[in-house]
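Make a model of the complete structure from these sequences and hints.
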Amino acid sequence: MNLVEVQSLSKRFETKEGPVFRKTSKTVVAVDQISFGVSSGEILGLLGPNGAGKTTTIKMLCTLITPTSGDAFVNGFSVTKDQQKVRENLGVMLTGERTLYWKLTGRENLGYFAALYHLDPSYSRKRITYLLDLLGLREREGMLVENYSTGMRIRLSFAKALLNEAPVLLFDEPTASLDPQSSRLIRDTIRNLKKEGHAIMLTTHNMEEADILSDRVAIIDHGRIVKLGSPSELKEKVKSSDIIEIEARNLSDRIAEPLQSFSEISKVAVSTAELADEKALLRIHAEKGKEVLPRILEFLIRKQVSVTKVSFIEPTLEDVFISETGRSLRD
Amino acid sequence: MRTVSGFKATIEALAAIFWKGIKHYTRYPGSFLLYLILPFLFTLLIFGMGQFVGGSNATAYFAARTGSNNVLIYEILGSAVWMTSWVVVEDVGVALRDEQMKGTLEQNFLAPVNRVTLLIGLSLTDIVITAVIFFVVVGTTIVITMPTAFLGLLQAYIALLVGLIPLFGIGFLFAGFVVKFKEPYVFVQMVNLLFAILTGTYYPVTFLPHWVQFLSATLPQTYVIEDMRRIVLANQTLVSLYGSIFILLALALVYPVLGYAIFKQIEKKASATGEFSKY
Numbered sequence: 001m002n003l004v005e006v007q008s009l010s011k012r013f014e015t016k017e018g019p020v021f022r023k024t025s026k027t028v029v030a031v032d033q034i035s036f037g038v039s040s041g042e043i044l045g046l047l048g049p050n051g052a053g054k055t056t057t058i059k060m061l062c063t064l065i066t067p068t069s070g071d072a073f074v075n076g077f078s079v080t081k082d083q084q085k086v087r088e089n090l091g092v093m094l095t096g097e098r099t100l101y102w103k104l105t106g107r108e109n110l111g112y113f114a115a116l117y118h119l120d121p122s123y124s125r126k127r128i129t130y131l132l133d134l135l136g137l138r139e140r141e142g143m144l145v146e147n148y149s150t151g152m153r154i155r156l157s158f159a160k161a162l163l164n165e166a167p168v169l170l171f172d173e174p175t176a177s178l179d180p181q182s183s184r185l186i187r188d189t190i191r192n193l194k195k196e197g198h199a200i201m202l203t204t205h206n207m208e209e210a211d212i213l214s215d216r217v218a219i220i221d222h223g224r225i226v227k228l229g230s231p232s233e234l235k236e237k238v239k240s241s242d243i244i245e246i247e248a249r250n251l252s253d254r255i256a257e258p259l260q261s262f263s264e265i266s267k268v269a270v271s272t273a274e275l276a277d278e279k280a281l282l283r284i285h286a287e288k289g290k291e292v293l294p295r296i297l298e299f300l301i302r303k304q305v306s307v308t309k310v311s312f313i314e315p316t317l318e319d320v321f322i323s324e325t326g327r328s329l330r331d
Numbered sequence: 001m002r003t004v005s006g007f008k009a010t011i012e013a014l015a016a017i018f019w020k021g022i023k024h025y026t027r028y029p030g031s032f033l034l035y036l037i038l039p040f041l042f043t044l045l046i047f048g049m050g051q052f053v054g055g056s057n058a059t060a061y062f063a064a065r066t067g068s069n070n071v072l073i074y075e076i077l078g079s080a081v082w083m084t085s086w087v088v089v090e091d092v093g094v095a096l097r098d099e100q101m102k103g104t105l106e107q108n109f110l111a112p113v114n115r116v117t118l119l120i121g122l123s124l125t126d127i128v129i130t131a132v133i134f135f136v137v138v139g140t141t142i143v144i145t146m147p148t149a150f151l152g153l154l155q156a157y158i159a160l161l162v163g164l165i166p167l168f169g170i171g172f173l174f175a176g177f178v179v180k181f182k183e184p185y186v187f188v189q190m191v192n193l194l195f196a197i198l199t200g201t202y203y204p205v206t207f208l209p210h211w212v213q214f215l216s217a218t219l220p221q222t223y224v225i226e227d228m229r230r231i232v233l234a235n236q237t238l239v240s241l242y243g244s245i246f247i248l249l250a251l252a253l254v255y256p257v258l259g260y261a262i263f264k265q266i267e268k269k270a271s272a273t274g275e276f277s278k279y
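Top to bottom, those sequences are chains A and B. Per our numbering, the very first residue in the first sequence carries number 1; after that it's consecutive. Per our numbering, the very first residue in the second sequence carries number 1; after that it's consecutive.
Incorrect hints may appear among the rest.
Unchecked claim - Partial list, computed: chain A residues near chain B (C-beta under 8 Å):
1) F13
2) C62
3) Q84
4) R87
5) E88
6) V92
7) G96
8) R98
9) T99
10) K103
11) L104
12) E108
13) Y112
14) Y117
15) H118
Said to hold, decoys possible - Derived coverage of chain B by chain A (criterion: at least 3 residues anywhere in the stretch with Cβ under 8 Å from a Cβ of chain A; other residues may be distant):
16) 6-13
17) 94-104
FYI, nobody ran anything at the bench for these hints, they're computed from the structure. Computed from a predicted structure; not experimentally measured. Where is the CB? At the ideal position from N, CA and C, for every residue including glycine.
Spelled out as structure tokens, the structure:
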């Protein structure tokens, strides 16, 4: 049985734009008719760029936002009809470090939320000690959160989501802005929670994280699920193409666009994120990549693009995203 | 997992919210001083205006108009009730806004704690602190200036506590406005200043125009202030004032239900528009 069942869930926001007295209404579709399920002991990754609708989906599942249409069920309870029951069955970590009380200590924060989740006081003390140990925060439990590092705050926020041992866990960007050690700790903990039988959903725009953690990945763009399957299944579908990755300076979407006209090339995407020195990353899906590469390089050099690195790579979930949307996930 | 339920769960949650507030106070201690001094400052302001503008006959005029020649106690009772009611009315909304600004409101709303418990709990610390300070401020003044009235103050205090319940209803209404409009002080300060005018904080409401007195009659503070003055300054008993206590109890039933119903409507809309996470 699926512990999370999402049925044709949609969310539209009405916004007003323009100067005062001449505002016009605009409808923004944040989530558009999505359906999926997550079973016990499964991790589903929601992968998509910023603004794709991942957080809105999570917020609808945890009753913070009411869906415009459709419904979702958490452990059998409807998010539109049984909100109190849904909250009892959920452990949620929302993104950001300002989800805690900075003027309380780590232990006081967890104690406060344990009471809101109606945990028995004697049990909650043991549970809090266990979670502080698990996430390496025990030694700093008496320190005010305002004196915590970003990584410690995010780990504490993660611990908060585990307080009530809920069957369904929702993590919104759980490792965003974490150092590698803290990220590994969170990922290992998520894997253990999966083994314990929790149904887990996590949103991320980090494709490596989605790849290594998720049993299935839902690729989401403009509020729609464009692809759903296991990471290996999804990557298998783009394996028929060679994937060329070119690192270069003076590169932009406008410069790279004409490459689409090469008959061997099926997709071209430029990403400027996460690279230093004004470098950009060009990803090309092509038939017979080795044959077409000289022509690609010649074209780029003619456009005064300074190529610093060329490699043929194994397909990643980013390539699945490029293949489906024609855009890079990192932008 | 071991959980508690029912009344015990509510008390545990309220206690946690209360102690969280107390810890915040001890880590930002400046507000204590403000609460201690404000009733005296308001009273001195009115007292000074009376003395300096009214001249040597001010006290006699005051006694003729109010029926009491103890200006200090008369005014400090009004000031302290006004300040306490200000906190109750303002605090649910302000506390909600404060949580929203900190980014913790959604975290509270994610928990399966009942919304009424959460709303009351968020303002509980301020209310308890204000009520205790009220007792200390007014009690000290009475002990120093007319010690025989101290027992009366204990009865008067019961009237105050009953009068706080309907104010929660007005507080819920403001909390709804805060969720919707995000500007707690605009509404609350305007209305709280109106309360000072309408409820006889510094003068008897009987001097107000009749149509204004009609508005005064809808506000619980009007009855609380009048009852407290009658008990402390005119030696009446709480039992003899059963008429106004009955009205306060009726308001205590109607206002919170009405206020919460409006809050829930606004909350429902806010949930549809994703308002809780907006600044």
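- prompt: Can we keep the A/R87 interface hint, with Cβ of chain B closer than 8 Å?
  reply: With Cβ-Cβ at 4 Å, under 8 Å, it holds.
message: Does A/E88 hold up as a contact with chain B if the rule is Cβ-Cβ below 8 Å?
response: Given a least distance of 4 Å, the restraint on A/E88 holds.
task: Examine the stretch 94-104 of chain B for residues whose CB is less than 8 Å from any CB of chain A, and state whether their number is three or more.
output: n = 3 at 8 Å, threshold three: holds.
- prompt: Given A/K103 was flagged as interface, is its beta-carbon under 8 Å from a beta-carbon of chain B?
  reply: holds (5 Å)
- request: Under 8 Å, Cβ to Cβ, is where A/F13 needs to be relative to chain B, so tell me if that hint holds or is violated.
  value: holds (7 Å)
query: Does A/Y112 meet its interface restraint, that is, does its C-beta lie within less than 8 Å of any C-beta in chain B?
result: holds (5 Å)
- prompt: Quick one, is the A/G96 hint okay against chain B at 8 Å, beta carbons?
  reply: Hint on A/G96: holds, closest Cβ of chain B at ~6 Å, below 8 Å.
query: Regarding the hint that A/R98 lies at the interface with chain B, is the smallest CB-CB distance below 8 Å?
result: At about 3 Å, which falls below the 8 Å cut-off, the nearest Cβ of chain B leaves the hint on A/R98 intact, so it holds.
query: Should the hint that A/E108 touches chain B count as held when the rule is a Cβ pair under 8 Å?
result: holds (7 Å)
- request: Using Cβ atoms only, decide whether A/H118 comes closer than 8 Å to chain B, and label the hint accordingly.
  value: holds (4 Å)
message: A/L104 was flagged as interface toward chain B. Is the shortest Cβ-Cβ separation under 8 Å?
response: holds (6 Å)
- prompt: If you take the shortest Cβ to Cβ gap from A/C62 to chain B, is it below 8 Å?
  reply: OK, holds: A/C62 within 8 Å of chain B, min 6 Å.
The structure meets every hint from the earlier list without exception.
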